[in-house]
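**Q** Protein sequences, first through last, are from chains L and W.
Going by our numbering, the first residue of the first sequence is number 1, and it counts up by one from there.
Going by our numbering, the first residue of the second sequence is number 98, and it counts up by one from there.
Hints may contain errors.
Here are the simulated DSBU-like pairs of lysine-lysine, each with C-alpha atoms no more than 35 angstroms apart in a straight line [to be verified]:
#, chain 1, residue 1, chain 2, residue 2
1, W, K554, W, K490
2, W, K509, W, K490
3, L, K40, W, K372
4, W, K429, L, K40
5, W, K483, L, K2
6, W, K372, L, K24
7, W, K338, L, K68
8, W, K338, W, K155
These are calculated hints, taken from the structure and not from any lab test.
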Amino acid sequence: MKLDNDTITKIAHLARLDVDASEKEALLSDMNNILSFMEKLNELDTDGVEPLIYLSDEVNVFREDVVKGEITVKQALENAPSEDGKYFQVARVIEKP
Amino acid sequence: MREYNSLSEVQHDLQNGAITLPAIVDHYINRIKNEAHLNAFIEVFDQEARSEALKIAKKLEEGKAGRLAGMVVGLKDIICYKDHGIAVGSRILQNYKSIYSATVVERLIAEDAIIIGRTNCDEFAMGGSNENSYFGHVKNFADNSKVPGGSSGGSAVAVQAGLCLACLGTDTGGSVRQPAAFCGVVGLKPTYGRVSRHGVVAYASSFDQVGPITKSVEDAALLMEIIAGPDEYDSTASKSKVPPYFSELNNSTGKKHIAYLSETLSNGGIDAEVKSMALAAIKRLQDEGHTVEPVSFQLLDYVVPTYYIITMAEASSNLARYDGIHFGYRSKTAPTLEATYKKSRSEGFGAEVKRRIMLGTFVLSAGYYDAYYGKAQKVRRLIREKTDEILKKYDFILLPTTPTPAFGIGEKVDDPVTMYLADIFTVQASLGGFPAISLPVGNNTAGLPLGLQFIGKRFGESDLMAFSKKFMDLLEQDSVKSPAKGNIVV
Chain L
1 MKLDNDTITK IAHLARLDVD ASEKEALLSD MNNILSFMEK LNELDTDGVE
51 PLIYLSDEVN VFREDVVKGE ITVKQALENA PSEDGKYFQV ARVIEKP
Chain W
98 MREYNSLSEV QHDLQNGAIT LPAIVDHYIN RIKNEAHLNA FIEVFDQEAR
148 SEALKIAKKL EEGKAGRLAG MVVGLKDIIC YKDHGIAVGS RILQNYKSIY
198 SATVVERLIA EDAIIIGRTN CDEFAMGGSN ENSYFGHVKN FADNSKVPGG
248 SSGGSAVAVQ AGLCLACLGT DTGGSVRQPA AFCGVVGLKP TYGRVSRHGV
298 VAYASSFDQV GPITKSVEDA ALLMEIIAGP DEYDSTASKS KVPPYFSELN
348 NSTGKKHIAY LSETLSNGGI DAEVKSMALA AIKRLQDEGH TVEPVSFQLL
398 DYVVPTYYII TMAEASSNLA RYDGIHFGYR SKTAPTLEAT YKKSRSEGFG
448 AEVKRRIMLG TFVLSAGYYD AYYGKAQKVR RLIREKTDEI LKKYDFILLP
498 TTPTPAFGIG EKVDDPVTMY LADIFTVQAS LGGFPAISLP VGNNTAGLPL
548 GLQFIGKRFG ESDLMAFSKK FMDLLEQDSV KSPAKGNIVV
């Protein structure tokens with residue numbers, strides 16, 4: 001698999017990243033090198049092997065659903081880049097008709 | 098102040114009045130200042146550490162102090178500590194303040210450890226050289242032109258240079274063990290699920306584990322005993338009972354069966370002195386009557402690609418939360434919501450993090466999921482099964498922690514694949530969730546530390562640490578007998 005410029009643009013959008021023209025060439029070459037390195041796995045026969053997804057042996061870990069560890073509105077907004085004391089503020093989402 | 102190698106030495110001196118806790122804290126704060134060029138700490142909590150020292154000194158007088166009284170600890174800048182900054186080495190969290198503490202931090206504080214500051218690391222724990230931190234690279238105390246390893250590079254240097262007694266780091270693919278090896282200190286990655294991840298910033302959630310970086314196996318065991326165990330805030334934290342690791346340290350009796358992986362020593366990338374260090378260790382153990390045998394592990398060349406596919410996939414998902422909306426950096430020049438996401442992330446993340454998010458997004462994308470991510474998950478099972486099979490016959494697996502000693506700053510930054518291959522000996526344990534420890538066994542002829550690694554059975558930390566202590570005691574005796582040789586002859 002060789003990535004091209006269009007794929008990079010598409011992936012960048014999915015990842016919500018901007019890749020500017022100056023970075024694109026180096027990124028493309030790094031990603032292609034890394035992908036061809038990853039393709040070494042194709043040498044292995046994995047037919048009939050179940051994927052290993054969970055590392056924990058714990059099953060059905062339950063606890064009572066009690067309200068605790070609450071934080072105040074002030075604490076919740078403490079790290080916000082923009083807020084009005086009550087809500088997080090973001091750029092306009094809906095344009096005026 | 099004399100240099101302490103374990104908490105028991107500190108507590109002994111505190112008890113007989115040879116030193117006071119405030120004096121210890123002052124000493125470390127001065128050391129951090131004097132060695133500021135190492136860039137090991139991102140922030141020092143000096144005033145707070147001093148006032149805690151007074152409080153705990155009083156508790157000590159009254160006989161009410163916890164088990165970690167006297168221990169001065171650094172936290173990798175990835176572990177939340179309420180009302181303290183945490184940036185995970187990233188611009189995107191530069192001004193972030195934790196609103197709660199990680200479970201491991203609460204447990205340290207409950208036993209009267211003093212937290213002296215937060216240590217530098219690769220951004221979001223992605224890196225093996227501490228060159229990916231927004232707060233600048235960290236220098237190895239043994240040789241300032243060399244990297245300290247990563248991602249817990251600041252933590253390893255802090256312990257190496259005597260800036261604190263111990264640190265908590267995190268290990269996803271070697272991030273505790275590899276810097277421990279490069280810096281000549283002890284680093285343990287616990288079994289996946291042994292230690293709670295609550296309050297630890299996520300990189301790759303099926304790998305991440307908090308682990309101690311210390312001068313002695315003794316302190317690693319003590320810290321593990323305190324931080325390990327079930328946590329109602331982390332459902333992947335095992336419910337199984339935590340053994341009294343510290344008191345079980347002297348339980349390593351009898352002769353062990355140890356496997357070493359032939360492929361690790363015939364690997365083309367292995368440094369000659371690292372190889373002779375491993376061979377010397379094998380011989381020393383055989384001389385003691387342990388069985389140490391070669392075992393073939395033909396999957397060695399596949400561990401690094403498998404590791405990177407899965408961790409990049411998990412990282413791309415975990416790091417989706419940094420969107421510039423609720424917390425973290427927000428670009429000043431974004432007119433729309435979508436531009437807020439894109440610009441905040443692009444300006445906030447560094448190059449390596451972006452590379453991994455891009456590749457992670459790709460391997461999870463429609464059409465490529467099965468070929469990359471699905472394939473890697475299958476190989477992950479093969480790696481775990483093969484390792485389990487070896488550990489059914491043997492107590493431990495022995496291998497060098499790293500193929501080379503610490504490399505030069507800047508040496509590998511332009512070639513990600515070469516940088517990733519430096520993880521070849523540490524990711525096997527990570528992929529299978531096995532515990533593994535890196536032990537400082539001596540220096541090479543250039544004076545750079547070398548690390549030897551043992552992988553244990555899952556939840557077999559007690560045996561692993563007890564055996565490690567026995568081995569380190571043996572090397573200590575050897576060096577007393579013949580000091581000129583150092584620990585292990587390489």
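**Q** Could you work out which of the previously given hints the structure breaks and list their numbers from low to high?
**A** 2, 4, 6
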